[in-house]
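Participant: Given next are the chains, with one letter for each unit.
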Amino acid sequence: MTNSVLPALIFMIGGFLIPFFKGRAKSVYMMFIPLVGFVNLINIPLGDHFLMNFSDFKLVLLHIDRLGLLFGYIYHIIALITVIYILNFKNDVEYVAGFFYAGAALGAVLAGDLFSFFIFWEMLTIGSVMLIWARKTKSSQAAGLRYLLVHAFGGLVLLAGIVLHYTETGSLEMLKLTLSGPGSYLIFLGIGINCAWPVLHPWLTDAYPEATIGGTVFLSAFTTKTAVYALARLFPGTEALIWIGVAMAAFPIFYAVIENDLRRVLAYSLINQVGFMVVGIGIGTELAINGACAHAFNDILFKGLLFMSMGAVMYRTGKINATDLGGLYKSMPWTALFCCVGAASISAFPLFSGFVSKSMVMEAAASGSHLMGQKSYVVVWLVLLFASAGVFHHAGIKIPFFAFFGHDAGHRVKEAPLNMLIAMGIAAFLCIFIGTYPKPLYDLLPFPVDYHPYTISHVLSQTELLFFSALAFTLLLLSGIYPAEMRALNVDADWIYRKSGKALYHAFDGILNPLNAWCDRVVRGTASRTAYFFKDAGAKISLFVAVNIWLLAGYRDQRLEIKKKKLYNDILHGTLPAGIGAAVTITFIFLVYVLI
Amino acid sequence: MKPHKDKKELMELKHDAVPGYRGVFSVVFTLSLLYMAFILFQPCF
Amino acid sequence: MEKKHVFDDPRNVKKLLKIFFSSVVILLILDGFYIVLSKTHVIHSHMNYQWEGFWGFYAFYGFVACVILVLVSKYILRPLVKREEDYYDK
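Residue numbers (our numbering), protein chains in the order written: chain A, 1 to 596; chain B, 1 to 45; chain C, 1 to 90.
No wet-lab data here; the hints were simulated from the structure. C-beta: ideal position from N, C-alpha, C; glycine also. Among the clues, some could well be false.
Away from chain C, derived, C-beta distances all over 10 Å, residues of chain B [said to hold, decoys possible]:
hint, residue
1, L10
2, L13
3, D16
4, G20
5, R22
6, G23
7, V27
List time: in silico PhoX-like cross-link candidates among lysine-lysine, alpha-carbon distance up to 20 Å [unchecked claim]:
hint, chain 1, residue 1, chain 2, residue 2
8, A, K540, A, K564
9, C, K82, B, K14
10, C, K4, C, K14
11, C, K3, A, K414
12, A, K138, A, K319
13, C, K90, A, K499
14, A, K138, A, K499
15, C, K90, A, K138
16, A, K319, B, K14
17, B, K14, C, K74
18, C, K15, C, K4
19, A, K414, C, K4
20, A, K58, A, K176
21, A, K499, C, K82
22, A, K414, A, K319
Pairwise CB distance ranges, derived in the manner of DEER restraints [what the hints assert, rightly or not]:
hint, chain 1, residue 1, chain 2, residue 2, range
23, C, W55, A, G47, 48 to 56 Å
24, A, T436, C, L80, 40 to 48 Å
25, C, L71, B, F38, 14 to 22 Å
26, C, M47, A, H506, 50 to 58 Å
27, C, Y88, A, I422, 33 to 41 Å
28, A, S180, B, D16, 55 to 63 Å
29, A, L418, B, D16, 34 to 42 Å
30, B, L31, C, V13, 25 to 33 Å
31, C, E84, A, L35, 43 to 51 Å
32, A, D92, C, E84, 33 to 41 Å
33, C, W55, A, Y454, 17 to 25 Å
34, B, P43, A, S180, 36 to 44 Å
The task is simple: from the sequences and hints, build the whole structure.
Facilitator: Structure follows, in structure tokens:
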């Protein structure tokens, strides 16, 4: 046992104490929490801590290894940055929920067994939904409720998976699982819901743009990255993940091009970036896992930075739709600059952070395709390259261009508040620092790194890719082909549970009710016919046998009719003398025997 | 992309064509598409 | 009188476009040099696929990919998924 504290508790308890501070002390205290947490974290030695025996289960509340630590570090960094960013909001609900949420994420990535992991996983949902509800608009209430329902369902799936897994294997350890048996599949699916896999993803694009300005920054960092961590821990090298990740990287960029709400554009590009990580985990080589983790680390920073810059725009102008924005570089030059840094990082420009991590996944996919039986990785590589070009197109150009340049919407506002600028500045600095000097990040990765991003061919090819996707944007825009920004709603997979309620009702009404009636008729008809047949089946069979015997015995006409009627009634009413019953049975058996 | 000062919320933000660019775009795109198709038809290894 | 900003002057926009178009051309020329140098083994080139050895592979791939992305989004995806803003509230 060490004399350290559980990292999650520092955030959670520290967060609950925030409302007791006032004024400047509150600001200082809030920045203090992540710093204390960080000092605490780096002083915990590797290994298992906080062991608890809970009836038969051995719970490990804290397990420190390289993979968990990497996520632990970045969670502390982004928590500090986000706290600085939201200092001017004076909203205690947002503060407490934010810290609770960050603490839950920390707890999950540092949990040593599946059960503790699940507990923190559920807290993650609670913290995040509070951040959505803290916006206090009607649409955020509704979106928060949908978010809660989806995640409650996801949590149940995960719990069911863990229970089944425990009954199958008797182990709760956070070790690599193979997809076999219902337990592992349910765990896989439960994590997949939080990871925003295609079709399971709309909770993200639905709810993130509805959260508070600071809440979205928090949200962009923790839920999906914790899911990425869980996949890297439990399912590295699972081939299904490659194809899931390819789909994630590809489809959101199409939506992002036609989306008007700029924070929703970022939400789509968040799925796109997580797709790269999921592909890396699916490939499962050391280079690929390293790439996925490094990209998660960088994505938290640059996606946070982009959400912060859009949040600052929203804070000053009250608008977030591309149709209402433009020309803001005049009044918010610093925010514009930081946004461009974030945009360059997510697009993986040389010297910016995305460049040193995304290419690891690309390289892993490309070198994997040379192995036997993995020729399909060529397709993976081509789609990822397509997605890399596309991400520059929608996140790298569209976001800064429509917010800060392009058509001037005429907003003449003040520059973002100082604390927001400082927060964005720190994130921007880290993006450039990691991009130019990746060694400290590489040293933190789970496996030893033997990868050099800055080769002539890599720099040249990436610059070509990006400049020509910018050329595509420029030419499309100048030739008037680029799709107009429209105030509209784009239907996504959430249609299934948001609109299909009515459609489902009609479907049931139109299809199931007639089907039901038909089944009813069929069943009743069959049943009554069967009943009618079996009502006197025994009597008829006996009669058939008996009549043949009587005919042999010489009974005819009137006497035969009387005998038949008597036998029929006797059998039907069960008043047959035992002797005759036995005789009929034996005859029947004999008859069967002869016939066979 | 002329700046104008109305603060009314737009329903649609169209991008007006600059004369001459559509031709440039068509030529560049057609040629690149053909070249790309040619490259991708080559064996990849 | 409001302060004039950089891109309020169309000449500056034109200048920026000129710089951009020239840098695109320069990149293609550089790529040509790079291919010659790597073929003569002055520079070691690390290639996973033959495709990468073609002049301007990444450039044209990026361009074509983005145009297709936009065209598909505009002419296929948008007509399929676009609804009124209050679609879900109705």
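Participant: Decide, hint by hint, whether the structure agrees.
Facilitator: The hints, checked one at a time:
no. : hint                       : verdict
1   : L10                        : holds (13 Å)
2   : L13                        : holds (14 Å)
3   : D16                        : holds (14 Å)
4   : G20                        : holds (12 Å)
5   : R22                        : holds (13 Å)
6   : G23                        : holds (15 Å)
7   : V27                        : holds (13 Å)
8   : A:K540 - A:K564            : holds (10 Å)
9   : C:K82 - B:K14              : holds (16 Å)
10  : C:K4 - C:K14               : holds (16 Å)
11  : C:K3 - A:K414              : holds (15 Å)
12  : A:K138 - A:K319            : holds (17 Å)
13  : C:K90 - A:K499             : holds (9 Å)
14  : A:K138 - A:K499            : holds (18 Å)
15  : C:K90 - A:K138             : holds (15 Å)
16  : A:K319 - B:K14             : holds (18 Å)
17  : B:K14 - C:K74              : holds (13 Å)
18  : C:K15 - C:K4               : holds (17 Å)
19  : A:K414 - C:K4              : holds (17 Å)
20  : A:K58 - A:K176             : holds (18 Å)
21  : A:K499 - C:K82             : holds (14 Å)
22  : A:K414 - A:K319            : holds (14 Å)
23  : C:W55 - A:G47: 48 to 56 Å  : holds (54 Å)
24  : A:T436 - C:L80: 40 to 48 Å : holds (43 Å)
25  : C:L71 - B:F38: 14 to 22 Å  : holds (20 Å)
26  : C:M47 - A:H506: 50 to 58 Å : holds (57 Å)
27  : C:Y88 - A:I422: 33 to 41 Å : holds (38 Å)
28  : A:S180 - B:D16: 55 to 63 Å : holds (59 Å)
29  : A:L418 - B:D16: 34 to 42 Å : holds (38 Å)
30  : B:L31 - C:V13: 25 to 33 Å  : holds (26 Å)
31  : C:E84 - A:L35: 43 to 51 Å  : holds (48 Å)
32  : A:D92 - C:E84: 33 to 41 Å  : holds (37 Å)
33  : C:W55 - A:Y454: 17 to 25 Å : holds (23 Å)
34  : B:P43 - A:S180: 36 to 44 Å : holds (37 Å)
Violated hints are absent here; each numbered hint is respected by the structure.
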